[in-house]
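The listed protein sequences derive, respectively, from chains A and B. So in the numbering used here, the last spot in the first sequence is 454, and the numbers never skip. So in the numbering used here, the last spot in the second sequence is 161, and the numbers never skip.
Hints were generated in silico from the structure; no laboratory data involved. Remember, predicted model here, so these are calculated numbers, not experimental data. We put the CB at the ideal spot given by N, CA and C, even for glycine. Please note: incorrect hints may appear among the correct ones.
In silico DSS-like pairs for lysine-lysine, Cα to Cα no more than 25 Å straight-line [what the hints assert, rightly or not]: (1) A:Lys319 - A:Lys284; (2) A:Lys284 - B:Lys111; (3) B:Lys134 - A:Lys319; (4) A:Lys418 - A:Lys371; (5) B:Lys111 - A:Lys205; (6) A:Lys188 - A:Lys258; (7) B:Lys91 - A:Lys319; (8) B:Lys127 - A:Lys169.
Partial chain B-side listing against chain A, Cβ under 10 Å, derived [claimed, not checked]: (9) Arg60; (10) Ala63; (11) Thr66; (12) Ile69; (13) Thr79; (14) Lys91; (15) Arg101; (16) Lys111; (17) Phe113; (18) Ile122; (19) Lys124; (20) Gly130; (21) Gln138; (22) Pro141; (23) Pro144.
Which chain A residues face chain B? A few, computed with CB under 7 Å, are given here [as the list claims (entries may be wrong)]: (24) Tyr189; (25) Asp282; (26) Glu285.
This is what each chain is made of:
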Amino acid sequence: MKKLVILGAGTAGTMILNKLEPVLDKDEWHITIVDQYETHYYQPGFLFIPFGIYNKKDVIKPKRDFFPSGVEVLFDSINKIEPKENKIILTNQKVLNYDYLIIATGCKINPDETEGLTKKGWYKNIFDFYTIEGAMGLAHFLKYWEGGKMVLNITEMPIKCPVAPLEFVFLADWWFTEQGIRDKVEISFVTPLDGAFTKPRASKVFGDFLSKKNIKLVPDFSTGSVDHENNKIISWDEKEVPYDLLVTIPTNMGDELIARSGMGDELNFVPTDKQSLLSKNHKNIFIIGDATDLPSSKAGSVAHFEADVLYDNFLSAIEGRPLRAKFDGHANCYIESGFGKGILIDFNYDTEPLPGKYPLPGVGPFSLLEETKMNHYGKIMFRWMYWNLLLRGAELPIESQMLMAGKRK
Amino acid sequence: MATREIAGITVEIDEDGYMADHTQWNIEMAVILAKEQEIEELTDRHYVVIEYMRKEFEENGTGPSIRKLNKQSGVSTKELYQLFPGGPAKKAAFIAGITKPHGCI
């Protein structure tokens with residue numbers, strides 16, 4: 046029997062498992078998936094929790110519901126990978142050998158990387174919304190808040206779902222308006238980038254949205270520390286922004302297991318060939334989703350498009366054929382802009398987000414880089430698609446390669 | 057591709073205004089490029105960073121992140137910001153004659 050091990054049963058790991066399991070011969074292949082947690086979180090839903098749109102039960106399901114039968118499932122934490130020996134050592138000392146390994150261990154926030162962040166103010170008037178605990182804590186805080194300075198800061202790039210911070214401030218503007226306290230809240234968006242987003246045209250569009258919504262953009266601000274006594278964030282070059290409520294996007298890093306295995310870069314991301322998704326250092330290891338070091342977004346849509354490529358290349362690899370499928374960096378993001386509207390962007394390594402119609406060129410129903418009600422419905426509908434189609438590895442009516450058709454230059 | 061003259065030599069530049077071919081770079085150019093970034097004088101510490109940036113670029117095809125710079129060049133993040141106020145990774149890359157580091161999204 047040949048052995049395939051998948052590490053991580055989040056969005057990426059579950060998707061690739063569901064794509065590969067039906068096509069690998071059960072008499073030839075033994076498949077194991079390992080994850081330390083039994084609960085699957087619908088992470089795009091965390092954004093809506095602080096504003097009371099979703100609650101906890103809307104974003105969780107048992108991971109087991111998404112595993113095909115006949116797969117070995119281990120709910121254990123992983124000590125390390127020994128790639129030269131083709132084996133994995135679990136925390137309970139159990140050893141797993143593999144012929145092929147797929148790493149899908151994701152990334153997570155690491156607030157302890159920033160001095161002062163997790164001291165006195167943490168979960169008092171400082172919250173993240175990238176964890177269920179942070180999002181729920183923030184929901185509770187906002188219920189009773191009467192206004193003041195709300196600062197959102199992106200500590201450093203890259204981060205998971207790079208549009209989520211923008212969505213958060215857009216939704217906050219809407220929510221405070223609904224509560225009748227928008228005039229009592231000053232909203233600032235603090236980023237290490239030189240504008241609202243990395244890519245020029247989208248950056249301009251989002252920058253205009255920020256100013257239209259009276260949200261102050263503070264660019265070129267790399268957060269070095271938090272002065273929790275005086276409620277200020279301080280940049281490495283000693284600029285200061287005071288806050289009453291800090292909504293923070295802490296440093297994002299890959300899992301510590303990658304560091305323990307000596308397989309990561311300075312942020313514990315695994316060096317990955319940006320087209321084939323094969324490890325740069327090991328011929329029998331593929332990486333998918335947020336765990337890679339690719340210059341693409343860390344997002345579920347990206348993991349989904351990667352899964353199509355990895356599927357082809359995995360089947361080629363096990364048959365000794367060349368890896369012909371190429372990932373193009375495709376990402377597709379629905380951006381909530383508040384007041385029941387949304388913006389959609391579609392882009393890849395080489396092409397920045399452009400205006401147009403999606404997925405059907407000229408028809409839509411979604412509009413790219415424009416604010417419409419239909420885009421918002423797309424986002425709301427997506428949760429159903431995620432649980433029922435995406436995680437189960439079903440084909441979606443969208444191409445994994447980005448298309449220029451329907452886009453205007 | 058666009059070109060410009062630095063220290064009497066015509067070099068290729070990319071759309072961001074960074075040198076497109078790092079092999080055309082020399083120390084006199086660094087001094088001029090630094091002045092354009094409002095750094096009047098390049099000290100030994102600046103050169104530690106510049107050399108590290110170039111080495112990293114030659115090995116990996118892109119400049120390092122600030123975090124990697126801090127970890128591997130022995131220059132702390134705080135000092136990096138003092139040496140290259142505003143944006144160490146971008147400014148040091150500009151002066152070192154390599155392309156702008158990829159902003160990941």
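Against the structure, the hints:
Proposed proximity of lysine 319 (chain A) and lysine 284 (chain A) is contradicted: the alpha carbons are some 36 Å apart, above 25 Å. Between the alpha carbons of lysine 284 (chain A) and lysine 111 (chain B) the distance comes to roughly 31 Å, so the proposed pair goes past 25 Å and is violated. For the suggested pair lysine 134 (chain B) and lysine 319 (chain A), the alpha carbons sit about 32 Å apart, so the restraint of at most 25 Å is broken. In summary, the hint linking lysine 418 (chain A) to lysine 371 (chain A) is not supported, as the alpha carbons are separated by about 34 Å, beyond the 25 Å threshold.
Between lysine 111 (chain B) and lysine 205 (chain A), the direct Cα distance comes to roughly 29 Å. Violation of the 25 Å bound is thereby established for this hinted pair. Restraint check for lysine 188 (chain A) and lysine 258 (chain A): satisfied, since their Cα atoms lie roughly 22 Å apart, inside the 25 Å limit. Distance restraint check for lysine 91 (chain B) and lysine 319 (chain A): the Cα-Cα separation of roughly 36 Å exceeds the 25 Å cut-off, and the hinted pair is therefore not satisfied. Taking the CA atoms of lysine 127 (chain B) and lysine 169 (chain A), the gap is about 32 Å. The hint is violated against a cut of 25 Å.
Using the Cβ-Cβ criterion of 10 Å, the hint placing arginine 60 (chain B) at the interface with chain A is not satisfied: the shortest such distance is roughly 21 Å. Interface restraint check for alanine 63 (chain B): the shortest CB-CB distance to chain A comes to about 27 Å, outside 10 Å, so the restraint is violated. Taken as an interface hint, threonine 66 (chain B) does not check out: its beta carbon lies about 27 Å from the nearest beta carbon of chain A, beyond 10 Å. For isoleucine 69 (chain B), the interface hint is violated, the least distance from its beta-carbon to any beta-carbon of chain A being 17 Å, above 10 Å.
Interface hint at threonine 79 (chain B): violated, since its Cβ lies 23 Å from the closest Cβ of chain A, which is beyond the 10 Å cut-off. A hinted interface residue such as lysine 91 (chain B) counts as satisfied when its beta carbon comes closer than 10 Å to some beta carbon of chain A; here the least separation is about 19 Å, so the hint is violated. For arginine 101 (chain B), the suggested interface contact is broken, since its CB lies about 16 Å from the closest CB of chain A, more than 10 Å. At about 15 Å, the closest approach between the beta carbon of lysine 111 (chain B) and any beta carbon in chain A exceeds 10 Å, and the interface hint on this residue is violated.
Contact between phenylalanine 113 (chain B) and chain A, as hinted, is not supported at the beta carbon level, the nearest pair being about 15 Å apart and thus beyond 10 Å. About 7 Å separates the beta-carbon of isoleucine 122 (chain B) from the nearest beta-carbon of chain A, less than 10 Å, and the hint is met. A distance limit of 10 Å between C-beta atoms decides the matter here; for lysine 124 (chain B) the minimum to chain A is near 5 Å, and the interface restraint holds. Given the 10 Å rule on beta carbons, the hint for glycine 130 (chain B) is violated: about 14 Å separates it from the nearest Cβ of chain A.
Using the Cβ-Cβ criterion of 10 Å, the hint placing glutamine 138 (chain B) at the interface with chain A is satisfied: the shortest such distance is roughly 8 Å. Proximity of proline 141 (chain B) to chain A holds as hinted, the smallest CB-CB distance being about 6 Å (cut-off 10 Å). With its C-beta approaching chain A no nearer than about 8 Å, proline 144 (chain B) sits inside the 10 Å limit, and its interface hint holds. A hinted interface residue such as tyrosine 189 (chain A) counts as satisfied when its beta carbon comes closer than 7 Å to some beta carbon of chain B; here the least separation is about 35 Å, so the hint is violated.
With 7 Å as the threshold, the beta carbon of aspartate 282 (chain A) comes within range of chain B, its nearest partner Cβ sitting at about 4 Å, so the hint holds. For glutamate 285 (chain A), the interface hint is violated, the least distance from its beta-carbon to any beta-carbon of chain B being 14 Å, above 7 Å.
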